[in-house]
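Please take these sequences and the hints and turn them into a complete structure.
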Amino acid sequence: MMKVEDEIYGQFEVAPVLKELINSAPVQRLKNVHQGGAIFLVNPAIKHTRYEHSIGVLFLVKYFGGGIEEQIAALLHDVSHTAFSHVADYVFENGNEDYHETIFNEVISRSEIPLILNKYGFDIATLTCNDYTILERELPDLCADRVDYTLRDLYHAKLIDKADVQKFLKELSVQGGYLVVKSEKAGNWIKEQFQRLNDAYFKKPEHIYANLQLAQLIKDALDKKLLQKSDLLCNDFEVLHKLEAHDFGRQKLNEIKTLTNFKQFSAKGGAERFKQRTLHPSVMI
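Position in the sequence shown (from 1) plus 113 gives the number in the working numbering.
Rather than coming from a laboratory, the hints here were simulated on the basis of the structure. It should be emphasised that the depicted structure is a prediction, and the values quoted were computed from it without experimental measurement. Some clues are possibly wrong.
[Unchecked claim] Quick list of simulated restraints, FRET-style, between CB atoms:
#, residue 1, residue 2, range
1, D244, R363, 45 to 51 Å
2, K283, Q341, 44 to 50 Å
3, S296, R363, 37 to 43 Å
4, V396, D244, 36 to 42 Å
Using N, Cα and C, we set each Cβ at its ideal position, and we do this for glycine too.
Below is the structure:
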């Protein structure tokens, strides 16, 4: 068994197959892929990663009784995220914000992950089963993925603290295979926090500016052949290095970091491009 440390949940143990998957190159790459896309360029304090989120989702699935297959799927659910996470959706104009899902099978098949799974008696079908109801549910329901990014983003944005995280975990349970809250009060709390996250974090003008401006820079860099599409399967810092190797990219990145033209951008109402999302957690009967 391997002990894993998570910043907001603490230490927990994982099975040997998960240990090997965690140490694999595709999962380790996520340590340098920021959860918030380009937000760290304008707010360096917000620097948590897809790796941290993946470990967190694994923890929640295990904590709430998900089997080993669901734990594997939880760990690997975001392994195909490109550099800067959802920025790729804006680059490729993917309105469903699921570009990483469209390339998931390709990324997995070209990695060592199938060999690791086979070694322990699993195969890649393990990753795409639709029966993992703790891991993933459509809005407005709760699921491990949604609970983790909500709590983690709130925590790193300093909108809640670790005590809030631990208190809410005690208010969660599984009923009929689905995550539910134990009380209306807990449901209202996470619903309000989710709305707060959307308004104060995702839709914060500076954050929208960073993500959309970086998306435009990457589009231009692809057009100018300064980047290849395959480069986006590297990590954030590798892509930044390629952009900074050219005067054009270096100048545009500096404009993003210094919020150049932010006032003009903000006046155009960038937040209107983002869909409204709400939570309506089911309450345990």
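Okay, the hints, checked on the actual structure:
The given range of 45 to 51 Å is respected by D244 and R363, whose C-beta atoms sit roughly 48 Å from each other. For K283 and Q341, the hinted distance range of 44 to 50 Å is satisfied, since their beta carbons lie about 48 Å from each other. For S296 paired with R363, a C-beta distance near 53 Å fails the hint of 37 to 43 Å. Roughly 23 Å separates the CB atoms of V396 and D244, a value that falls outside the hinted 36 to 42 Å.
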